[in-house]
Amino acid sequence: MSALPDTVAWSAAAARHNELFAALTPGARIGLVAREAPASILLWEASDTGIQARTAPYPGFFDSGADILLSADAEAMAAIRAAVDGQLFSVLRAGIRNGDVICYMLSRRCELEVQGYEELLDALGFAFMGACR
Amino acid sequence: MKPGELKLPYLFQPGQLGRFKTKNRIKYGACCVSNYNTRDGFITEREFARMRIIARTGCGMITNQGAYPDPLGEGKAYFRQVAIFDDKFLPQFERIAADIKEQGAVAIQQILHAGRYGGIDLGYCIQPSDVPQTLPHFRPPKVMTKEEIRDCIRQHAQAADRAIRAGFDGTEITSFMGYLLANFNSRFTNQRTDEYGGSIENRGRFMRELIDGIKQATPDNPLVVRLNGAELMDKWGGNTEDECFELMRQAVDAGVDMISVTVGWQEAPESSIGRDIPPGYWNYLSERAKKICPNTLITFGNRLPDPRMADACLRDGVFDFWEVCRPLLADPDLIHKAAEDRLDETRRCIGSLNCLSRLFRDLPYTCTMNPALGHEVEPEYQVTPAAVKKKIMIIGAGPAGMECAITAAKRGHEVTVFDKAARIGGNLYAYAMNDLARPDDLLSVISHYEVVAKRLGIEIRLNTEVHAKFMRSVLHQYDVCVIAAGASADRTHYENMEGVELMVDALDVAHGRIAAGKRVVVIGGGKVGLTIAEALRKNQGAEVTVVEKNKRIAGDVKPSFKWRHASWVEELGIPCLTSSQLVKVTKEGATVRDGKGVEIVLPADTVIFADGAKPAHELFHEFEWMVDELHGVGDAMIPRGLEQAIQEGFRLGVRL
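Heads up: the sequence lines are chains U and X, in that order. Residue numbers for the first sequence follow my numbering, beginning at 1 and rising by one. Residue numbers for the second sequence follow my numbering, beginning at 1 and rising by one.
Just chain X, with the same shape it has in the complex (with noise of 0.2 Å):
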């Protein structure tokens, strides 16, 4: 055995389900769609090549993708989604099924109907009742008929006929996210008055029978089910956990193979899966599911995503399998890291959801913390052995810096980093510390950093301010030089502006290189102004209020967390003033002009400026006849964010 194997003893033995070995208990999950195939549900190249990496993830269980079910696309609720409800799609999935095989895993596939989420290439989508949507992405609800219900169910067990035919080993059908399963399920979509509604027995009917028409035409294979242990839809009248549990013994009898415990609904009033909630949260849902349910197979993962929690997790009996996929998005070596005991090297998930998000804007999905991700297919993104072995400097230790740096040394390449700051991660670490989601989650990339740098070989020089005489020093000493300092705030907008050097930067507030007092106003309501203010209001009790000139905050944050800001400032009492521009600071305050161009002044004894910021392109000019190659990357080229400066780092260290 591998030494990390003797260390989590019960996430590396083996398992059954079925007929089926499984050589662990870690079950891939099939929590994304990726978006990469053809508008027809072809699966394209670049989706074999991510196919390729999942498969060999050293998952005992392996869950491709939900596929659609129906011709007409009623079930299909992403645009580039797979689709298997003919033979001619056959050779795709056999080619997928094989290749999970090979690598010793139990392949599954996922038969995906979305229902009120689904009919994305129509003007609507299938629903047991016509209860309009909450989001307005998704199309205006058509009810099924009987004979569409039986429709839909003899669909779903052709579709997991030509999945065994096609080589993989069971199906599973799903209810998470609040697809057409959970639509008959649960007490808010599902209002018929006939046999497939009203009670419980009834709404549970359409998933007993879809079990048993698949069973039927599949009966030596495994079937998994995907069910809520919570909807968090109960305050709009849908189920009550006790009603998700009584739905689980329906599923056990109507002879299910095992049940994968999920949470929540696209639509969900509450959060599930972001970085707010803690990992392990929801762990009862899966122990009680346990209890109630001892003679099934228990899948479970969400918002579980180290390897550690889930082995003491099997060991204390909260499930029988590991389910995961994200943290595998963002390091599909993280198995394997984990059986050779170096997971100090893993890079985590850090539940942004730019998964996610991502889809329902009709992209491909993509991983902030794995640039390769979705790329695998293309020989540009592929860590190769570098050509020219070359001396490279890297000017800044933050994310941008450290993914180049870290990219080029495993290329072969000698790399050094340069810092002013006496630590790595530039701005990453001042925006942790004031982050009030879950700071661990950004410090794991910046120790990721430190661990894989330091394994690499790549010397850091910290407390050294790389400028023009410095440069001047190291001339010929190196090939490459890369600017990845960052930006600094731009004042430009307010030179001429009476008291402009009475602000403070926001960075410096961040870092803890100046205190903030207790009446603060913060210039900018973009994530940098947010953050600090949310954190002086929280963690100082400070007074603070926010002026943004534009008519809303929170511009350049992510769309899965901007709901999180608009939440938090109304939570904590931060008054925003959008539309409003600043017009002088005094030792008073700020005196700032509304949209309607009345001017108030805002009492305050720090204002701090978080409204824009510059590039460090001073850097370039300055060294572009001193060393062979300049290349910069990350906010130094145009201030973004963490996901822009990880993926350029990494783009530009693979061609270095």
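If we strip away everything but chain U, and leave its shape as in the complex, we get (with noise of 0.2 Å):
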């Protein structure tokens, strides 16, 4: 099983990466698991006092709370663990790009455009991505 970043790098590099959250809503989530058997989610989640990072058990896609879901395979992971401090967004994007991080979305477009999300969907890589290639 693949090891997720440490809290409190994840806290940092959201708050490095501020304008990606900045027009989040309270409430908003964006959780990270590891592909092979997840046990624990990390999450990002906005809050009225900016973005909090924390780690809870992992209980399936939709009970995770997560507005957006990215799940790592084991080399994606250790990427991301080495990119925290970095370039993580563009490991993120990269990774999702080629398929070795599964970005789901557990809203829709409309409803993840009403909670702030368009810099980070941006960041992702999702401004240039869609059906039909």
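In case anyone wonders, no lab produced these hints; they're calculated from the structure. Values in this document were obtained by computation on a predicted structure and should not be read as measured data. All clues given are correct.
Distance ranges between label pairs, derived from CB positions: (1) X:Arg-165 <-> U:Ala-56: 50 to 60 Å; (2) X:Ser-199 <-> U:Ala-39: 21 to 31 Å; (3) U:Ala-56 <-> X:Asp-440: 48 to 58 Å.
So these bits of chain U aren't anywhere near chain X, every CB distance computed over 12 Å: (4) Ala-9; (5) Ala-15; (6) Arg-54; (7) Ala-56; (8) Asp-85.
Where is the CB? At the ideal position from N, CA and C, for every residue including glycine.
Both chains come to you apart, so use the hints to assemble them.
This is how it looks when you write it as structure tokens:
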């Protein structure tokens, strides 16, 4: 089982990329889990005081409360851990594009837009994704 | 036999599907739902007119677009998709089946339950398991109960029976693109623990029961199943290619009459049908299907747009029928041209995916290359003989001008095209020469215009710039002047900037009129700037930085191709500074102010300007009193792109 990044580093990454998270409404959640046998979920959670990071037991896709769930294979998780203090979003974007990270959308696009996800989705490469390639 | 039929003997040999003979080995594939119909599933006159064109393509077998089989619309993938869940729809299907058969083709009706991509009017979609979406366009999943599975199979069987009663010869079910059948077959979306999930035997149970249900309902009629040779979802835990072929074996054992081999899911992290995939790339999947299922008919056509390639595949036993759709959207006469040995006149599908990508914005499909597509019912889009024959001069031999010229010439007008360049094609030529995906596709547009213009007797005067003095020299010689001179770089915003004169224009670099250096800054991250940047980086090894004033690059790129530019700039290591403004240009490089107001100097020996274009409006003012009719098309009106150039050229050509 691949280890999730450290919570403190995850929180610091959000602070460093504040422009991506600034528009999120309180309650917005982005989760990260290991693809193989996920036991825990690492969350970025928007609140009135900013973005908090925490881990929790992983209850499954829909009970996770996440709007977006990133599911990384072992290699991708290692790359994410290595990039957490640096080019994290480049690594996430590349992982999503090459299939090493699955980005599950647990809310619809219109709901995500209302919740202020536009910049974050852009950083994850979703401005450039879509059906039919 | 016609001359082209002799050259392509395998393609034009008769075939057989069940008890039905086919006049050739070409199957029109139901690759696109048109989105032309009513919101409640009835077929419109617009659709009937389109189907008349499809019925007359010359294919030996024609598949009508997928209809959803359930009254709730859980299987409905597109806003204006056709329905077949009730006999009230029968008269419309009767009309289509009759028209196809009148043209001597075998008529197949596709039944399309979209599963994971369905429920477009609902708040959910149905799936074997609750695997969330990866594309936010689609609906959240609801897991099917066993009773719902049984109902779904019954609905498919009833839909098939309805299609046969309407006069269709056979039916088709589809797992293409990740629809319901694919959802059961795939490990990615099927995580059930009952008899419909787990092992591949269990995952294939839904398909086998579906085939059995339809065969029982329509025992005398052939059934086609579209199955992935590759899902391209294996990285996400989907089926491997080996598993895909095992499922084909199961389909054969269940009694299917024909397998249509397909590639990819909508959400797959790999490209499957875009123009970055070389023609013939996926043929190995069909070849493998043919080996694994030697006694079942195999049909295939993904990224196989050329009848000559298809003929060779048939000769080599790669498949039994060539399945073709998008090339026939671009040129409905493709098969006739092949039969008459006129393939050089073909208007090729360039794989822009305009057709499919519009569907996911809930719009009717259109075609970059075929402006009449979807407008067949409208007299205004018909190429009819002109009531008054006119002498027409067209300024500019780019796509807008050439499309207008050809359309007008077909109507009987006498047309002369002027261009200051030494070749036709305008800026499309420059774009093609810098395109990393498939220049050949774009150059085919130009060669099509060259061939057709010559056959229509259009005079083309190259190396001829049309200006006021030239116009005075031809006064009263033409009845109509069409300005299709394109656009030029618009530096208005920068005219007072220090060093503006040091910048070179992107089009000069793209055309090869100016050579860029080894360190380049490109101002403008739209399609022109990105294309130049990518080509300089990849082909010349230049260090390139893109500066874009907006928050994102590729703002003017088609949705289906944005991801490609985003990938290329990352793969090639091209930094893109967004929300950044050019401040000044010196011999040392470009000074740029980023979104936070911080100025940085980007060292460069060449600064390329690709940040806006202005139309050739000055010509309109100059020529206004020199000719009876004056019109404009394409970028000369509003700078945009190939699709708009072709569409506007055609629209003007049919009404001159």
